[in-house]
Amino acid sequence: MTHGELPTFVLEVARQLRRRRLPLGIDDYDALRQALAAGFGWSSPDELRELCVTLWAKSPAEAEIVRAAFARNRSKLEGWDVNRPEQAPAEQPSEDPGGTRQPTADSEAYENFPQAEPLAHLGSVPAAMGPVDRSLVLVPQYPLTEREIAQAWRRLRRRMRTGPAVELDVAATVEQHGRHGVATPPVLVPRRRNTAKLLLLIDRFGSMTPFHGYVDHIVRAIRNAGRFDDVRAVYFHDLPGSSADRSVLRQVEDPFRPDLDTVLPLIKPMNEGQVYDDPALTVPHRLTAVLDHLAEGTAAVVISDAGAARQRFDIVRLLDTVALVKALHARAAATWLNPVQPDRWPRTTAGQVHRYMPMHPLTREGLNRAVDGLRGRPITVERPL
Amino acid sequence: MVTRHKLDVSLRYDRQQELPDSRDVEVADFDPVPTHDPPKAPVPREPYLASSELEDAVNLAIALGRPLLLQGDPGSGKTRLAHAVAFALGLPLEEAYVKSTSRAQDLLYGYDAVRRLYDAQLRRGPDDDRSRVPDVREYIRLGPLGRAIARAEYGRRSVVLIDEIDKADIDFPNDLLRELDQLAFEVPEAAGMRFSVPPDQPDLRPVIFVTNNEEKTLPAAFLRRCVFHYVEFPDDRAHLDEILALHEIGDVELRAEAIDVLLRLRDLDLTKKPGLSELLDWVGYLQVIGTPPDEIANLPYLGALLKQRSDQVRALDRQAAR
Chain A
1 MTHGELPTFV
11 LEVARQLRRR
21 RLPLGIDDYD
31 ALRQALAAGF
41 GWSSPDELRE
51 LCVTLWAKSP
61 AEAEIVRAAF
71 ARNRSKLEGW
81 DVNRPEQAPA
91 EQPSEDPGGT
101 RQPTADSEAY
111 ENFPQAEPLA
121 HLGSVPAAMG
131 PVDRSLVLVP
141 QYPLTEREIA
151 QAWRRLRRRM
161 RTGPAVELDV
171 AATVEQHGRH
181 GVATPPVLVP
191 RRRNTAKLLL
201 LIDRFGSMTP
211 FHGYVDHIVR
221 AIRNAGRFDD
231 VRAVYFHDLP
241 GSSADRSVLR
251 QVEDPFRPDL
261 DTVLPLIKPM
271 NEGQVYDDPA
281 LTVPHRLTAV
291 LDHLAEGTAA
301 VVISDAGAAR
311 QRFDIVRLLD
321 TVALVKALHA
331 RAAATWLNPV
341 QPDRWPRTTA
351 GQVHRYMPMH
361 PLTREGLNRA
371 VDGLRGRPIT
381 VERPL
Chain B
1 MVTRHKLDVS
11 LRYDRQQELP
21 DSRDVEVADF
31 DPVPTHDPPK
41 APVPREPYLA
51 SSELEDAVNL
61 AIALGRPLLL
71 QGDPGSGKTR
81 LAHAVAFALG
91 LPLEEAYVKS
101 TSRAQDLLYG
111 YDAVRRLYDA
121 QLRRGPDDDR
131 SRVPDVREYI
141 RLGPLGRAIA
151 RAEYGRRSVV
161 LIDEIDKADI
171 DFPNDLLREL
181 DQLAFEVPEA
191 AGMRFSVPPD
201 QPDLRPVIFV
211 TNNEEKTLPA
221 AFLRRCVFHY
231 VEFPDDRAHL
241 DEILALHEIG
251 DVELRAEAID
261 VLLRLRDLDL
271 TKKPGLSELL
281 DWVGYLQVIG
291 TPPDEIANLP
301 YLGALLKQRS
311 DQVRALDRQA
321 AR
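Protein sequence lines, in the order shown, are assigned to chains A and B.
Under the working numbering, the first residue of the first sequence is numbered 1, with each subsequent residue one higher.
Under the working numbering, the first residue of the second sequence is numbered 1, with each subsequent residue one higher.
The hints are simulated quantities; they were obtained by calculation from the structure and are not laboratory data.
These figures come from a predicted structure and were not determined experimentally.
Glycine included, C-beta positions come from ideal geometry on N, C-alpha and C.
Each hint should be verified, as a subset may be incorrect.
Claimed, not checked - Stretches of chain B that chain A covers, calculated by requiring three or more beta carbons in the stretch to come under 8 Å of a beta carbon on chain A:
no.: 1; segment: 30 to 37
no.: 2; segment: 66 to 72
no.: 3; segment: 211 to 217
no.: 4; segment: 222 to 228
no.: 5; segment: 236 to 247
Unchecked claim - Residues on chain B that point at chain A, a partial pick, calculated with CB under 7 Å:
no.: 6; residue: VAL9
no.: 7; residue: LEU11
no.: 8; residue: ALA63
no.: 9; residue: VAL288
no.: 10; residue: THR291
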């Protein structure tokens, strides 16, 4: 390719997009370079922007991010349409000496900011919002992108042959033919499918309220990862119910010791409780009904802060939580995801729960380890139930 | 060198091009692909009004030799675009409708092992003529993408539509990466059987459209190889009017009223907003049975526009309140 490099400001935009965690690589720069060489995107700054959207964004949300990045850098884009392919590379050196930031370009952008206009009197209709500042990214950005979450959960698979027999089993056919020595029908087997099922138990409201958006994003991403036979999400507040027998607390020898190690075997699995089908907690189901219908090979995931968000320790809650975990363990592989970062778990209920069952933060690393655990990799906990 | 790294500007899709009502195009679904003088059949024109952004995206995908990934609401015309482009360029359209059981290999070829086994066993009788054992190639049928690549090898170009790629298992797009990159594949079952787009001839690369309904997140490696376009619903009246006119809705008043109703419905908070295909169905029927334009506001035959009971109730309530 004889046409030179990309204009510097495009690289600057790309750098900003990489900071927004758009996975742009050499290949994407190359695609833009080729497209420019083929004559696309030269007639106006808008056309260049749309070209980058087409090449780099892979969803409407990402398209918004790319457009916002161009809006932020619009001062550098002026005069783009008079640049012809041959002139563009020549202009670069003067544009960005040594890659330093140019305050002048920024101050120019400030002048175009929308100004608040004080109202003389209150009209009968609400004031219009005015033009939207296109340089602001208005799509939610969560700590993990949908792709990262999907990548983690994609590894949870349980491949089994189910459904109609359509695939030829070569080994069995040859074997049968060899044994009988005459024409035999072929042996057909069903195709392999992923039969992994997932049950998400999600804590709602209270201290989980700030995490609603992120947790919903994670649930959506897991559903869209498209790996599972079935994903069911049920919701509850704090805990689905209480343990059957709270009197075991009286048998804790040292009432000032914040753990239940001594009475652990006495705690019975939770059998009464209520979970809800919807995040608003309006369609109730009995917890036992949900758990009893779990098919073999289901993985259960609890998403809750377990008291870590408010930095609380509550021994009754701990008892009830252990009862829930026991109920889950009896029927499925279970893991816990905690949206609060791990350094805030100690000295709270979460810290104790963490001693009894695997608990992971909602980070990329945490999700990967949670999936590893559900896949059967042994995860050591201090005091297994 | 991978063919994708060469630019091809020999072909351009022009959305405003004047097109005949029908033209003779090579028959797509024909196996094996003839090496020369392929059979042709008339294909009717596909009425389609592409936006200029969409036109640019199509041309960019052709120039870079990457698949164009189309996303958008159901019924916004993603699939029809492939038909329209194929007709405008006069190329055969190879269609692959992805199902939940589809595998990537099905796009390239299918090997009928069972029939071969039967044939081999039945020929084993006493009066068997060994020399008649058929070649393994007779049991291999090329799939849509396979035929397009084979056709390119014979010097002819095609358009490929991979529809609703998110319906299949996530392995599906992953298994296609190499084939989409190199536009070449081989058939391991038949030794020496391989097809490829000539690497030095980018003007033979098939034009590939992939549609996605966002039911599943596609793998990043696949997305990276695509050019992306989100098909927006045309919210301005003039554009909608033009689309209806293109689909032979002659009555100006009928068009205006119907667009009015549609835009109003789309403003409501509905579970599934009516899209273009619903609008075309609905107005088409209203025109055929001769509904007077002033009755359209009463939402006759609402079932063609809104497919959920709750949406219908909401729309009718709003209508009664007006």
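Are three or more residues of the segment 211 to 217 of chain B within 8 Å, CB to CB, of chain A?
-> holds (count 4)
For the segment 66 to 72 of chain B, do at least 3 residues have a Cβ located nearer than 8 Å to some Cβ of chain A?
-> holds (count 3)
Coverage criterion applied to the segment 30 to 37 of chain B (partner chain A; beta-carbon cut 8 Å; 3 residues) | violated (count 0)
Hey, does the THR291(B) contact hint survive, CB to chain A under 7 Å?
-> Given a least distance of 36 Å, the restraint on THR291(B) is violated.
Going by Cβ atoms only, is VAL9(B) closer than 7 Å to chain A?
-> Where the cut-off is 7 Å and the nearest Cβ of chain A is about 5 Å from VAL9(B), the hint holds.
Would you check whether VAL288(B) satisfies its interface hint, that is, whether its CB is within less than 7 Å of any CB in chain A?
-> violated (36 Å)
Interface hint status, LEU11(B) versus chain A (Cβ within 7 Å) = violated (12 Å)
Are there three or more residues in the segment 236 to 247 of chain B whose C-beta lies within less than 8 Å of some C-beta in chain A?
-> violated (count 0)
Between the segment 222 to 228 of chain B and chain A, see if three or more residues pass the 8 Å beta-carbon test, and mark the coverage as holds or violated.
-> holds (count 5)
Any CB of chain A closer than 7 Å to the CB of ALA63(B)?
-> Since the shortest Cβ distance to chain A is 4 Å, the answer is holds.
Taken one by one, the earlier hints fail for this structure at numbers 1, 5, 7, 9, 10, listed in ascending order.
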